[in-house]
Structures are given as C-alpha cells and as structure tokens.
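Protein chains: 2
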Amino acid sequence: MAKKKVRRKKAAATKTTAKRPRLEQRDRKTIQELVGMADQVVSTARRRRDPHLDIPTRSLSNVKFNRRKRFIEMGNNTNRRLLFNLSQAKSYMQTMLVGSGCKQLIEQGKNTSIRGLYYMLKHTIEGTKENTFEEQSDCDPIIEDVEVFLGSLREELHLYADKRGEMVGNLQLEDNGDLIDCSRMGSGGYGIPSIVEPSAIKFKKCRAKFVLHVEKGTVWQRFNEDKFWRKHNCILTHGAGQPPRGVRRLLNRLHNELDLPIFCLLDNDPWGYYIYSVIKQGSINLAYESQRMAIPKARYIGLRSKDYERCNLSPSVRIDLNDNDRKRARQIAGYPWFEHKKAWQKEIALMLKNNFKLEVESLISKDISYVTEQYVPDRLTDKDWLD
Amino acid sequence: MAKKKVRRKKAAATKTTAKRPRLEQRDRKTIQELVGMADQVVSTARRRRDPHLDIPTRSLSNVKFNRRKRFIEMGNNTNRRLLFNLSQAKSYMQTMLVGSGCKQLIEQGKNTSIRGLYYMLKHTIEGTKENTFEEQSDCDPIIEDVEVFLGSLREELHLYADKRGEMVGNLQLEDNGDLIDCSRMGSGGYGIPSIVEPSAIKFKKCRAKFVLHVEKGTVWQRFNEDKFWRKHNCILTHGAGQPPRGVRRLLNRLHNELDLPIFCLLDNDPWGYYIYSVIKQGSINLAYESQRMAIPKARYIGLRSKDYERCNLSPSVRIDLNDNDRKRARQIAGYPWFEHKKAWQKEIALMLKNNFKLEVESLISKDISYVTEQYVPDRLTDKDWLD
Numbered sequence: 000m001a002k003k004k005v006r007r008k009k010a011a012a013t014k015t016t017a018k019r020p021r022l023e024q025r026d027r028k029t030i031q032e033l034v035g036m037a038d039q040v041v042s043t044a045r046r047r048r049d050p051h052l053d054i055p056t057r058s059l060s061n062v063k064f065n066r067r068k069r070f071i072e073m074g075n076n077t078n079r080r081l082l083f084n085l086s087q088a089k090s091y092m093q094t095m096l097v098g099s100g101c102k103q104l105i106e107q108g109k110n111t112s113i114r115g116l117y118y119m120l121k122h123t124i125e126g127t128k129e130n131t132f133e134e135q136s137d138c139d140p141i142i143e144d145v146e147v148f149l150g151s152l153r154e155e156l157h158l159y160a161d162k163r164g165e166m167v168g169n170l171q172l173e174d175n176g177d178l179i180d181c182s183r184m185g186s187g188g189y190g191i192p193s194i195v196e197p198s199a200i201k202f203k204k205c206r207a208k209f210v211l212h213v214e215k216g217t218v219w220q221r222f223n224e225d226k227f228w229r230k231h232n233c234i235l236t237h238g239a240g241q242p243p244r245g246v247r248r249l250l251n252r253l254h255n256e257l258d259l260p261i262f263c264l265l266d267n268d269p270w271g272y273y274i275y276s277v278i279k280q281g282s283i284n285l286a287y288e289s290q291r292m293a294i295p296k297a298r299y300i301g302l303r304s305k306d307y308e309r310c311n312l313s314p315s316v317r318i319d320l321n322d323n324d325r326k327r328a329r330q331i332a333g334y335p336w337f338e339h340k341k342a343w344q345k346e347i348a349l350m351l352k353n354n355f356k357l358e359v360e361s362l363i364s365k366d367i368s369y370v371t372e373q374y375v376p377d378r379l380t381d382k383d384w385l386d
Numbered sequence: 000m001a002k003k004k005v006r007r008k009k010a011a012a013t014k015t016t017a018k019r020p021r022l023e024q025r026d027r028k029t030i031q032e033l034v035g036m037a038d039q040v041v042s043t044a045r046r047r048r049d050p051h052l053d054i055p056t057r058s059l060s061n062v063k064f065n066r067r068k069r070f071i072e073m074g075n076n077t078n079r080r081l082l083f084n085l086s087q088a089k090s091y092m093q094t095m096l097v098g099s100g101c102k103q104l105i106e107q108g109k110n111t112s113i114r115g116l117y118y119m120l121k122h123t124i125e126g127t128k129e130n131t132f133e134e135q136s137d138c139d140p141i142i143e144d145v146e147v148f149l150g151s152l153r154e155e156l157h158l159y160a161d162k163r164g165e166m167v168g169n170l171q172l173e174d175n176g177d178l179i180d181c182s183r184m185g186s187g188g189y190g191i192p193s194i195v196e197p198s199a200i201k202f203k204k205c206r207a208k209f210v211l212h213v214e215k216g217t218v219w220q221r222f223n224e225d226k227f228w229r230k231h232n233c234i235l236t237h238g239a240g241q242p243p244r245g246v247r248r249l250l251n252r253l254h255n256e257l258d259l260p261i262f263c264l265l266d267n268d269p270w271g272y273y274i275y276s277v278i279k280q281g282s283i284n285l286a287y288e289s290q291r292m293a294i295p296k297a298r299y300i301g302l303r304s305k306d307y308e309r310c311n312l313s314p315s316v317r318i319d320l321n322d323n324d325r326k327r328a329r330q331i332a333g334y335p336w337f338e339h340k341k342a343w344q345k346e347i348a349l350m351l352k353n354n355f356k357l358e359v360e361s362l363i364s365k366d367i368s369y370v371t372e373q374y375v376p377d378r379l380t381d382k383d384w385l386d
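Taken in order, these protein sequences are the chains called A and B. If you count by numbering that gives the first Met the number 0, then the first sequence holds residues 0 to 386, one letter each, in order. If you count by numbering that gives the first Met the number 0, then the second sequence holds residues 0 to 386, one letter each, in order.
If you are wondering where the hints come from, they were derived from the structure by calculation, not from laboratory data. Mixed in with the good hints, there may be bad ones.
No distinction is drawn between identical chains; accordingly, a pair holds when it is met within one copy or between any pair of copies.
No farther apart than 16 Å at their CA atoms in a straight line, the calculated lysine to aspartate or glutamate pairs in the EDC-like style are these [said to hold, decoys possible]: (1) 109 to 224; (2) 226 to 177; (3) 365 to 134; (4) 382 to 129; (5) 204 to 366.
Please read all numbers here as calculations on a predicted model, not as lab measurements.
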C-alpha cells in the first residue's frame, strides 16, 4: 500500500508538473506553514522527543469577546496531540493527512469541498481493517484543527464551502481573470463564490456608497427588480439565510478595503438577530476566523419590534413567538456585545413584550414595493438603525 | 373595510398608472384569463346560476404518464368549487383573492414570492375575526389551483420561487435588458433567476453543443475551476440538489429552443435517480407543469452501480444503503417511465445487490480532477449514458 501510494503520488506529480501553476504569495506562505508542520515531526524526533502538535482549543471556554476590537477571539489555550499516545495517535495521523491533502491541493492550484477532501484522504490502512476516517464528521474537526494551528482560513487551504448568495450593484470586480460588472447582471445576479480571497477576486471600479445585505433571496429579488441599488448607488447582496463563509468574507472585504458601510436587512426575530450577530462579531464555533470575517461596524436596518405600530401593520402579519424564540431572544440579549447596548436591550425586550415576530416580507401588506421605496430609504435618511 | 380597501386599491392604481409598464403579450393573455375567471362570477349570477369554478383535480388519481409525449400529465377530472356552499365558500373567496393579487402584480409589472403574495392577501375580514388566510400553507394550494385553472405557470402569474443554482458556459443571453456572457463569469457564475420565461430571458449567441447539469454546487465548482465547459464547448449548470423551478425551466428552454442535449451528472443513489426522474418526466405533485418543465430526452450521465468495479474505486468510498434507500429504489424502479427500460432496471437492481451507494465526489479518491478529465469525457465519447 505504502509503495502503491508513493507510485500514485509520483504519477500525479509527473502529470501535474507541466501545468503546475505559479503559486501566489499567499499560497507559498500556506505551503511553508504546512511543510513546517511536517518538519516539526522530523526535528522533534531528531531531538529524541515525542512528536506532538499544540492545537489551539476550539471550545467555548477558550473564546472571548475582545471589547476593543469588538469581535470574538480565541484565547491562548492549546491541547497537545501526541503521536505516541494510544488515544491520540489516530487524530495525530489524521491531522498530518489533512495537512498533506491541502498541500497537494495548493500545489496543483485546485480547490475542493470539505467532502471532497474527506474522500481524497479516506482509505483503508493496508494490513488492517482500519479506515483513516469513517465519516466526514471525523474529518471536519481535523480540518478546523489545521486551520487554527496554521492560522489559515479554510479558503487558504484551498477548501471551499457550499456556494450560496448573489450580488448586484455598482461594482466591477475581476474574478479569476474575468471582469464582472455587477451593474449588468439582470435579474439573476452574480453568484458569490465561496472563495473570495484577493488572489481570486480583485475589486476594480466601485461607485457604490454602501452595501445592503438582505436575508433572503426572495427579498433580494424585490430589491433587484425595483433597481434599488441603482437609485441608491449601492451593492445588494443576500446569503440565503445565515450567510455562508464566502458571503461573510466578501462583505468583510467590501467593508475594510472599499470602506463601505454594511447595512443588514433582517427579520424581526431571534434568527434575524443571530444572523446579524454572526456577521458583526463572528460565530462562536469558528472564533478564530473572526479577524477576517467579522464586521464590528455592520449596522442592523432590519425590521424592529416597534415597526408594528410605527408602520401601522395589520394584526394579521404577526407571528406568535414560541418557547424556543423566547429562549433564544434571552440568550442573544445576554451576548457580551449586546449586553451593554441599550437600544438592543430595548429592541429585544419589546419583541418579548409584543410576543410576536415580524418578517421583512410582511411589509408587502402595505404595498408591493413599500420595503424598497419607503421602509429602507426612510431608515437611511433618518439614520435609524441599530449597531 | 370594503370602502377602505377600495380606497387603498384606487390609491395604488393612481400611484402606479404613470409608470405602469407596457404589458408583454404573455402578460396580456394571463390578465385576460384572470379577468375571465372573475367575469364568470358575474355572467353565472346573471343567468341565475350559482357561481362556481371547475378546478382540475391535483391528486395522484388524476395524473398519468403519457407514453407518446413521455412525460407526466394531468387527467381531465375536475372538482367544482361553489360560492354558495358553506364548506367551499372560503376557498372560493381565496381563489378569487389569489386571482386578484396576481392581476395586481402583472399590471404593476412586478413579481413576488408565494410568501409575499400570502402577506399581500392576508387580512382580517372586517366585522369578523376571520382571516382570509391563517398560514401560508392555506394559500399555496390555492395558488396551484389558480395555475391549473388558468393553465398558467406560476411564473406567468408573476410569482417567483426561491433562487438557487448557477450557470457558466458558451452562451450569451439577455436578462431584462442586460447582456450576460456566461463564458466570462469567473468562479462565481451567473445566478439562475427564478423567472426565466422568454419575456425576461432571451437567448442570444450560443456556441455550446450540450448542457452538463450537475447535482451540487461543490461539484459545479470543480467543473468550473477545471474550465470543463470551455474544453468541451458546453454549458454548465447546477441546482443545489433538487433543482428549483427556474433551473428546470431554463434547462427545458435550452433543450427545446437551442436544441441542446441535457446531460445530468447525479449521485448513484435513489435521490440522484429521483432528481433525474423529475428533470425528465416532471414531478408528480406538479404534473400540470410538465409540458413546460419536463425534458423527456434528458440523459443520465451520473454515477452508475457498475462504476465501483469499472473505476476500481476503494471500498472506503461505499456508503451502505439504509431501509429508506432500498424502499425508494424499488419505488423508482416501478415508475412507469423506468418500468420498461431494461438498462434502468439493471442499474437499480445492481445498486440493491451492491447494497451501497456512491457519490460523484467519491471520484476524487482517484484524482482531484478525475471526474472532469476522465469520467465524464469517457462517458461522452463512449455515448455511455442512461435515458
């Protein structure tokens, strides 16, 4: 098996040498880090020590909210993973395997999904009945280990997530050599890639003054149909619910590199609040990515608990809160980044008092284009949002 | 309330008259049909008869497979819905309400989601505590009733579905006035709109010789990254699982108007078979749309049960069938359009005998680009597919 594998690798290497792409600087750096991870094994062994990896702890206990930077960060705790330890040897081997798979991807200039990587690396270890991985769920946390260990985003390891979300607006960008004019994308829009790192996506001309990010594709279609982005000179995105990594990273880059304010039009419910929280402060599970994903200055321009009265909405559009909604709302009110914000506390308290939630779509009961012609323009004019 | 409503309607009419768009021929026809539906009430009343609607029956008993056309069709059974019948008066009123909402959308040249229409029409009937609709699930079947009654696709009633799926390839099209060159869409692709009727999407230049439709966004990314569509001069689409209406209708138009064969690259599992079945013959639930959605000549180029041996795949990529898989596989084998196809019977029998399924992603265990450089090109060269 070992022999066979070497042969296969050699064949693959020969096959790809000719067309091996020139590596971008960022890719060279990631390769260096991956090679460094492997070199550690050798150097530790030479010093007659047990090879090990100190992997930053990915648990709630090692996550904290950085009040100055205003996003979630990982702490400094690590767990040592030893090769010569019966309970850790397998995950040690898996970590090295993931590292080697990612190196292969980067060298070939290719990307794959986390499911693809799982299939790439899954095999039965010769002479045993042991598989390197049984399920994808064995492989996913190891990928996250490698990410935090190297301090690399998944995208830099050439792994892509599922692709969701679209964009239109006054922005031109270059996507792997193709010039994309987001102001000429019709009703379909530009599908936001899952890898939007600067090596793949370069911003060109941008006339837009802000980004309006909406929760759902159906609401995005309303705004695009009404050409909101043209009238208000902005960029319009959606993430089909909780935005995937590509969308979050793109919003982060639009904000940081082009200096565009990000407005989030979300539902008046705990799920909408939570989406905002993730866009703004990062997700608790993936705290180590916050630095390149979170947008602490993102603004919430979504439906508010007071809108029921303010917009004179019909009682028929109210959706009763259930137990889970109430529980989630209280949890969110307790997040460190909402805890000291009076406006947010008031917002969440009023939703609990109302005992109902409101969807953006419900504004259609006023008029088909009420949301694009009145609701959002009024909030922008009055600077009436939460942050 | 009645008065108030009239006033609101009038206001809306005045507001939109100025910018009311010139209606496309298809829209004028749909309006005529909607008006005809309403006129029936008046003319029936004048003849001193009970107003009623004869709505084609949307149930399995009224669905049949047309062996000549090779897709699922509705039969001729109808259910009569009477205004003066206590158990039917509400759904009669709801049917008229949906018709009136769609007319309003078409006249204003706007589209909305089925959730949007539900919110548009939901209100408490004055003087009662009765709502026109309680839940969206009350409204959705009524929309389908109106569709079958008028013989209009949902899209012609100006209702859009959620938007999923992307496209790249050697095709230029016009989307609501914007020229989209699908060969210059980078890694992101063109987001397939949910409404792709000829009034919105016009095909321009097409050099492509066929369409490769893949099941998942992650597989699509592999094919796009490897520029498969450029090498093989084709169009590449995906539908993020079971393709939404917009994707199915677009494939149907590409096939019928541009004469392009449609190849479907799906997983070797009952879900993959089922997706193919829906693309090919239409869905049983929405049989009345088959005529404009189904593609009887679509070809299955997905993973086959024999591929485990043929491609010499590692045992580690097999996924055991569960009870539900076996049940679904037998059901699908019994579909009238698979029943008499020897190759399909053999395919499904072999999967049951194997007792495992295979995903397209598993081919990465051979090589990262095995699927784009070998698997699909070989099948195309050998004309080795199922239909």
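Hints and how they fare:
Taking the shortest Cα distances, residue 109 and residue 224 sit within 16 Å of each other only across copies (8 Å), while inside one copy they are farther apart (36 Å). When the C-alpha separation of residue 226 and residue 177 is checked against a cutoff of 16 Å, the pair qualifies only between copies, where the shortest distance is 13 Å, while the shortest distance within a copy is 24 Å. In this homomeric assembly, residue 365 and residue 134 never come within 16 Å of each other (Cα to Cα): the closest approach is 50 Å inside a single copy and 18 Å across copies. Neither within a single protomer nor between protomers do residue 382 and residue 129 lie at most 16 Å apart by alpha-carbon distance, with minima of 61 Å and 39 Å respectively.
In this assembly of identical chains, residue 204 and residue 366 lie within 16 Å of each other by CA distance neither inside one copy nor across copies; the values are 35 Å within and 39 Å between.
When held up to the earlier numbered hints, the structure conflicts with 3, 4, 5 and fits the remainder.
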